[in-house]
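Chains as they are written, first to last, in our numbering: chain A, 1 to 884; chain L, 1 to 189.
Don't read these hints as lab results, they were simulated from the structure. This one's a predicted model, so the numbers in the text were calculated from it and none came from an experiment. Cβ coordinates follow ideal geometry from the N, Cα and C atoms, glycine included. Treat the hints with caution; some may be incorrect.
As the list claims (entries may be wrong) - Short derived list, chain A residues pointing at chain L, Cβ under 7 Å:
hint, residue
1, Gly40
2, Arg271
3, Glu377
4, Gln456
5, Ile482
6, Leu510
7, His568
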Amino acid sequence: MPGLGTSFGRGGATDHQQDLQNADVITIMGSNMAENHPVGFQWVMEARERGATVVHVDPRFTRTSAMATKHVGIRAGTDIAYLGGIVNYILSNDRHFEEYVKHFTNARVIVGEPFADTEDADGLFSGWDPEQSEYDVTTWQYDGTKVHAAAGKRGKGFAPGEGETEPGGGEPPAEDWTLQDPRCVFQILKRHYARYTPERVAEICGCSVEDFLWHCEELCRNSGRERTGSICYAVGWTQHTVGVQIIRTAAIIQLLLGNIGRPGGMILALRGHASIQGSTDIPTLYDLLPGYLTHPQTKDYGSLAAYVRATTPSNGFYGNADAYMVSLMKAWWGPNATEENDWCFDYLPRVDEDNSVYWTVGQMLEGNVKGYIIAGENPAIGSANGRAQRLALGRLEWLVVRDLVEIESASFWYDSPEVESGEVSPETIGTEVFFMPASSHLEKDGSFTNTQRLLQWHFRAVEPREDARSELWFYYQLGKKIQERLKDSEDPKDRPIQQLRWNYPTSGELEEPSAEAVLQEINGWDDRGQALASYTLLKADGSTSCGCWIYCGVYAGGTNMAARRVPHWEQAYVALQWGWAWPSNRHLIYNRASADPEGKPWSERKRLVWWDSEQAKWVGYDTPDFEADKPPSFRPQPDAHGPDAIGGDKPFIMQADGLGWLYAPQGLVDGPLPTHYEPHESPFDNPLYDQRANPARLQNDLAEDPSNPVAGEGGSDEYPYVVTTYRLTEHHTAGGMTRFTPYLSELQPQMFVEVHPDLAAERGLEHGGWATIVTARSAIEARVMVTDRMRPVTVAGKVHHQVGLPYHWGQRGLTTGGAANDLAHMTIEPNVNIQEVKAFTCDIRPGRRPRGPKLTELVAGKRAAAYAKRDGAERAEPESERWT
Amino acid sequence: MRLGEVLGSWPLVKQLREGDPLGLGKAAQSGASVRLQPRIASADTVAQSICPFCAVGCAQLAYVKDGKVIQVEGDPASPISRGRLCPKGAASKNMHDGPLREYKVKYRRPYGTHWEELELDQAMDMIADRIVETRNATWQETTEDGAPAHRTLGIGNLGGATLDNEENYLMKKLLTALGIVQVENQARI
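Can you build the whole structure from these sequences, using the hints too?
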């Protein structure tokens with residue numbers, strides 16, 4: 001989550017859900033929290049009952065809107081215009097929390113001469129290379145210093161081995177405490193958003209000026225020493241080609257209003273899977289190593305130390321990244337990792353700029369990926385462009401699918417829309433498929449990390465039946481079998497697997513490995529084998545071992561802290577004795593900012609953590625997210641490094657400069673400031689710039705992934721409406737855990753499409769009848785739900801309709817139906833490689849979709865008609881050029 | 001039945017005698033309903049668990065009898081959920097023992113038209129063989145430009161957000177040691 005990571009230092013929600021009850025205003029945007037995180041939503045209701053204002057900004061009116069003080073309907077994909085308008089309102093009316101902004105953010109820092117803003121280059125920042133379709137990000141750096149972000153693409157703009165110029169060499173960045181210098185961040189921010197006026201916001205987003213101004217005023221009124229506000233978001237923000245930048249805009253607002261690190265002030269990322277936070281912390285992601293360390297790329301760094309220098313800030317707690325990294329190597333290769341062999345650094349495989357899942361799908365279609373293992377995911381339904389996903393699976397040599405039920409990603413070879421249309425058949429698909437039944441959460445021990453960075457242990461209730469096994473068992477036993485096969489090899493490439501520490505105690509007839517033993521390795525130990533209590537004890541000399549440095553302390557004192565369950569009625573609301581939050585059981589991170597620069601609470605009402613001068617330490621209701629004995633008056637020595645280079649008045653301890661980043665000089669590939677761009681597919685021009693969509697978005701040339709024509713191109717009228725996809729309370733993502741479950745299938749039995757009565761009239765759609773939704777990729781059918789929840793918006797004087805589609809259904813299970821993601825394209829966001837399924841274009845017509853080959857004819861025919869209008873009749877469809 | 005008992009079973013008498021004048025409480029109980037017990041009362045053990053769906057992290061209590069889960073309920077002690085579960089969380093048992101749950105390995109050979117049976121251990125051996133063979137066939141020691149690679153781009157792995165931290169850890173550790181870099185999960189899907 002580099003939106004939060006580059007702004008504040010860590011890629012996680014800044015606070016715990018329960019603290020929403022202390023908010024004075026809550027904005028829910030890019031989320032339907034009441035329906036998708038219903039139990040967490042009780043804390044929003046607690047706040048509202050205490051008098052808080054709750055605002056829901058969303059294209060749809062949902063049950064979240066129904067419980068909010070006000071719902072503001074906007075056009076899907078215009079979030080940055082809306083939020084940028086709020087930034088403009090704050091700055092042009094001097095409503096920012098001045099002391100917080102001056103002391104705790106980089107508002108005062110001077111940006112280097114090479115930087116040019118989108119306001120100067122009509123939608124492009126400085127450094128744009130049109131041939132490579134990417135930015136030279138070094139043009140965005142601070143004046144006279146070159147810093148690393150704490151998250152995101154941290155290697156960008158740094159040569160292998162090159163470190164920051166500050167500290168230990170350069171001067172600290174130039175600053176202007178009056179915030180008047182035209183090149184200071186504050187002034188750049190002001191200019192960047194000056195044109196995001198309320199009228200412009202209303203024109204772009206399709207909301208009213210009055211509603212927008214009311215929202216701005218509620219946010220500002222509830223800011224300052226006495227009051228705080230929270231923002232909750234979910235994938236309604238992330239799943240856009242500008243997703244990371246939407247979250248960055250929220251971060252800017254929260255920093256300007258002084259909300260981060262304070263009770264009731266947060267950005268709460270509402271994540272949708274039980275351990276999706278955990279699977280980024282211990283990343284099953286190509287570009288990260290555990291604890292948000294950058295996965296080394298195909299560059300010759302020279303040494304582990306040089307790689308650390310080139311990819312992490314040298315100030316703040318990433319200044320100790322060498323200790324985190326060496327301890328990780330010790331956890332993986334134990335005694336084989338020595339100083340002499342550079343801690344086995346060369347054992348790590350190297351990644352390219354993009355080895356993400358959508359790139360992989362392109363490689364599968366090309367035939368370059370031969371084998372694939374899917375564990376608890378259903379890309380045939382859950383990933384964008386389902387047809388391309390299923391065709392890709394059909395071009396593998398072998399595939400392993402591990403799940404509770406036979407999901408569509410296992411049955412694609414005999415039961416899919418492509419088999420039905422006659423495009424492929426079992427006889428033409430050569431993929432060897434292993435379906436391996438998995439264990440449910442009730443059949444295994446282990447920990448989930450929830451949306452507030454809290455690790456919670458779950459205990460096995462019963463043994464799994466027959467062949468069902470946990471992933472812990474599968475990967476452990478698989479590793480054993482592979483080690484056995486390679487044990488006599490003399491090939492150097494097999495050494496990392498031969499020397500891997502891969503011995504965990506097992507128990508029972510099934511020989512299930514001990515999850516607790518794995519957790520102990522993740523936590524780490526010292527050279528005497530004692531469990532470490534904190535990441536601050538990790539060393540770069542090989543004397544400590546730790547599998548994920550941010551989780552260090554979860555097994556402190558030899559106790560499984562994640563399994564603690566002291567009831568909430570026996571402890572204070574922060575609940576420090578229930579589970580364990582990373583880092584170091586801090587629940588409200590950056591909480592140093594809950595006190596003023598001198599260490600005193602900003603107000604009695606918003607007291608959380610403060611400096612106790614008698615005890616000479618930070619104290620309060622939460623674990624201080626700061627060195628306990630570092631006084632507010634501490635100022636670093638000129639040659640200081642790591643945490644010692646962070647002053648006692650700088651709360652963002654993971655950041656290179658200890659400050660919250662209004663402006664991100666590094667870490668993101670599509671700009672240091674969020675800028676409104678239209679979605680990849682949109683029926684509207686960008687009213688702010690000539691640059692229509694995010695220039696850095698990652699497009700492909702796959703024949704299987706054609707795009708609809710967009711605004712300004714002929715043929716866009718073939719796909720005149722905007723689709724937004726979403727979840728329902730009774731179903732979960734691609735449906736593997738719910739469509740196959742009787743109670744839930746009974747509660748929510750059928751795929752449907754939500755349309756406004758005016759759109760229904762316009763297209764002849766009948767409530768309860770059938771509709772077919774078409775894009776250049778595919779066509780699906782759904783039952784029509786005519787409802788004014790799907791409000792049209794007036795954009796640039798025209799009424800614009802949006803179409804709502806839940807995305808849970810597929811071919812299999814107790815209830816079946818069209819898969820909304822079949823309609824979506826695979827043009828992705830460039831920082832985190834996520835698909836844009838919250839805003840793309842479509843057509844909708846009455847009736848069921850055609851069966852058999854007629855389905856392909858419908859989609860291809862419409863696409864050909866659209867492209868003919870776009871290109872002139874002489875140009876045919878582009879040949880497949882694959883991923884570039 | 002003696003006359004006293006008959007009289008005593010009259011609702012009005014019960015209501016007055018048992019201090020339940022509106023007949024909404026104990027007086028409304030029949031002989032059968034008096035003997036009813038919550039289904040969790042007969043549980044042998046109870047396991048503390050966490051809901052497997054979204055990331056709110058509601059705490060669950062799984063009640064077990066004769067080696068089977070008989071009920072899953074919200075744990076009132078949780079500071080996050082305070083005992084509540086949403087429809088999905090409340091259907092956890094139904095997910096766990098639903099009629100479509102698979103318990104046997106299934107195998108489909110290339111160009112095959114149907115599933116076949118396969119022993120678990122044989123399947124594990126075959127998968128290990130496939131990984132070793134594909135890894136050997138697609139190994140890349142350096143890139144075309146001569147930069148270090150130490151990897152295979154011939155194998156990928158997908159999934160993790162629904163799994164335990166310990167499972168993700170073993171996946172990442174094993175696959176990285178094998179040089180498999182296309183390791184991805186729902187965090188970007």
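So, going through the hints one by one against the coordinates:
1. Gly40: holds, 4 Å
2. Arg271: holds, 4 Å
3. Glu377: Result: holds, 4 Å to nearest chain L Cβ.
4. Gln456: Hint holds; Gln456/A Cβ to chain L Cβ min 5 Å, cut 7 Å.
5. Ile482: Interface hint status for Ile482/A: holds (5 Å vs cutoff 7 Å).
6. Leu510: violated, 10 Å
7. His568: At about 4 Å, which falls below the 7 Å cut-off, the nearest Cβ of chain L leaves the hint on His568/A intact, so it holds.
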